[in-house]
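Peer 1: What follows is each chain in one-letter form.
Protein chains: 2
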Amino acid sequence: MSRTRHTIARLNDLSHEEFARVCGPVFEGSPWIAAEAAAQRPFADFDVLLRALCDCARSSTPERQLELIRAHPDLAGRLTLTAESKREQSSAGLDALTQEEMELFRFRNESYRNRFGFPFVICARLNKKDAILAAFDRRLTHSRDEEIRVALEEIFKIAALRLRDIVI
Amino acid sequence: MSRTRHTIARLNDLSHEEFARVCGPVFEGSPWIAAEAAAQRPFADFDVLLRALCDCARSSTPERQLELIRAHPDLAGRLTLTAESKREQSSAGLDALTQEEMELFRFRNESYRNRFGFPFVICARLNKKDAILAAFDRRLTHSRDEEIRVALEEIFKIAALRLRDIVI
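Protein chains in written order, with this note's numbering: chain B, -18 to 149; chain U, -18 to 149.
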């Protein structure tokens, strides 16, 4: 992940393509969100930019929202990750699990995917592994519509923290 | 709100009292959280500090969690606000409501408080007023336990953004 940080003024001045490239990774595997928000520049400050990005996701079709959720990797479940996901999962301690813990995650990932048809999304930078396991069990009792909403809210938390890494 | 930003190294070096004063406002009306986290210094980076603060709230008693939720003001409902709340509410457009919109908020604030016994908490910096009104109606259908969890998660989003304003 590039650790170069930009001012809002600089992000406003970038070409459409450059803006989409820089802000694209704020949403996992979903560069269309930053590309769509690029047309709304200039942004007055960090909050306005963050809300514009989140609103693009919020106001997109249910199909695109599902694609956004499905672009996320299973927790502790994949060998190759985006630089952003790798950092987030290791921040939550998911890169150093025992064999037994890996089984716990694998079982929950499968149960969750089987029930809802999309991966379990949680902001790993705000939760350690025990909190994540507890959230898995609680959220498995939700309805699918409720979980789509929760997943999007978690994605907005992830986005706020990823955007912070990009904007000075 | 002070716009002075500190490095993590500087926050680690502050006296216990200074750290609590600087980081206290990350949680509305709940300075005990930063005071508790101060003892866990040094923090390696922004994420570790943010998670330590949120974990203090997460691991506190149900009574203290309710106090934390209750420390939040009604949206569009109070004449005097903390500097942080004022900025957040104005960011969502809640400082420029028509008389009719104010009534919509007042009615929902009352319904929500009557049902759950605490104020409706949402991260205003991530939502505009229409999204907030829609969330009110949806969340009124939740159980009280579910709403306590949702309120805490919203408080963590608010905290992430407030901490960003403090840390370089």
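Careful, some of the hints might be misleading.
Identical copies look the same in the list; a pair holds intra-copy or inter-copy alike.
In silico EDC-like cross-links for lysine to aspartate or glutamate, where the CA-CA straight-line distance does not exceed 20 angstroms [to be verified]:
no. : residue 1 : residue 2
1   : K67       : D146
2   : K110      : E48
3   : K67       : E(-1)
4   : K110      : E(-2)
5   : K109      : E17
6   : K109      : D36
7   : K110      : E44
8   : K109      : E134
9   : K109      : D55
10  : K109      : E(-1)
11  : K67       : D126
12  : K109      : D28
13  : K109      : E44
14  : K110      : D146
To be clear, the hints were calculated from the coordinates, so they are not data collected in a lab.
Peer 1: Please go over all the hints and tell whether each is borne out by the structure.
Peer 2: Okay, the hints, checked on the actual structure:
1. In this assembly of identical chains, K67 and D146 lie within 20 angstroms of each other by CA distance solely inside one copy; the values are 14 angstroms within and 25 angstroms between copies.
2. For a Cα distance limit of 20 angstroms, the shortest separation of K110 from E48 qualifies neither inside one copy, at 25 angstroms, nor across copies, at 26 angstroms.
3. In the homo-oligomer, the alpha carbons of K67 and E(-1) never lie at most 20 angstroms apart, since the shortest distance is 23 angstroms inside one protomer and 34 angstroms across protomers.
4. Taking the closest pair of Cα atoms, K110 and E(-2) never come within 20 angstroms of each other, the shortest separation being 37 angstroms inside a single copy and 31 angstroms across copies.
5. Taking the closest pair of Cα atoms, K109 and E17 come within 20 angstroms of each other only across two copies (18 angstroms); inside a single copy the shortest separation is 33 angstroms, beyond that limit.
6. With identical chains, the CA atoms of K109 and D36 are at most 20 angstroms apart between copies only, with a shortest distance of 9 angstroms across copies and 28 angstroms within one.
7. When the C-alpha separation of K110 and E44 is checked against a cutoff of 20 angstroms, the pair qualifies neither within a copy, at 30 angstroms, nor between copies, at 25 angstroms.
8. Taking CA atoms no more than 20 angstroms apart as the test, K109 paired with E134 passes in both settings, with 18 angstroms inside one copy and 14 angstroms between copies.
9. Taking the shortest Cα distances, K109 and D55 sit within 20 angstroms of each other inside one copy (15 angstroms), while across copies they are farther apart (31 angstroms).
10. When the C-alpha separation of K109 and E(-1) is checked against a cutoff of 20 angstroms, the pair qualifies neither within a copy, at 34 angstroms, nor between copies, at 27 angstroms.
11. Taking the shortest Cα distances, K67 and D126 never come within 20 angstroms of each other, neither inside one copy (28 angstroms) nor across copies (33 angstroms).
12. In the homo-oligomer, the alpha carbons of K109 and D28 lie at most 20 angstroms apart only across protomers (11 angstroms), although the nearest pairing inside one protomer, at 26 angstroms, exceeds that limit.
13. For a Cα distance limit of 20 angstroms, the shortest separation of K109 from E44 qualifies neither inside one copy, at 30 angstroms, nor across copies, at 23 angstroms.
14. With identical chains, the CA atoms of K110 and D146 are never at most 20 angstroms apart, being 22 angstroms at best within one copy and 27 angstroms at best between copies.
The structure shown violates the earlier hints numbered 2, 3, 4, 7, 10, 11, 13 and 14.
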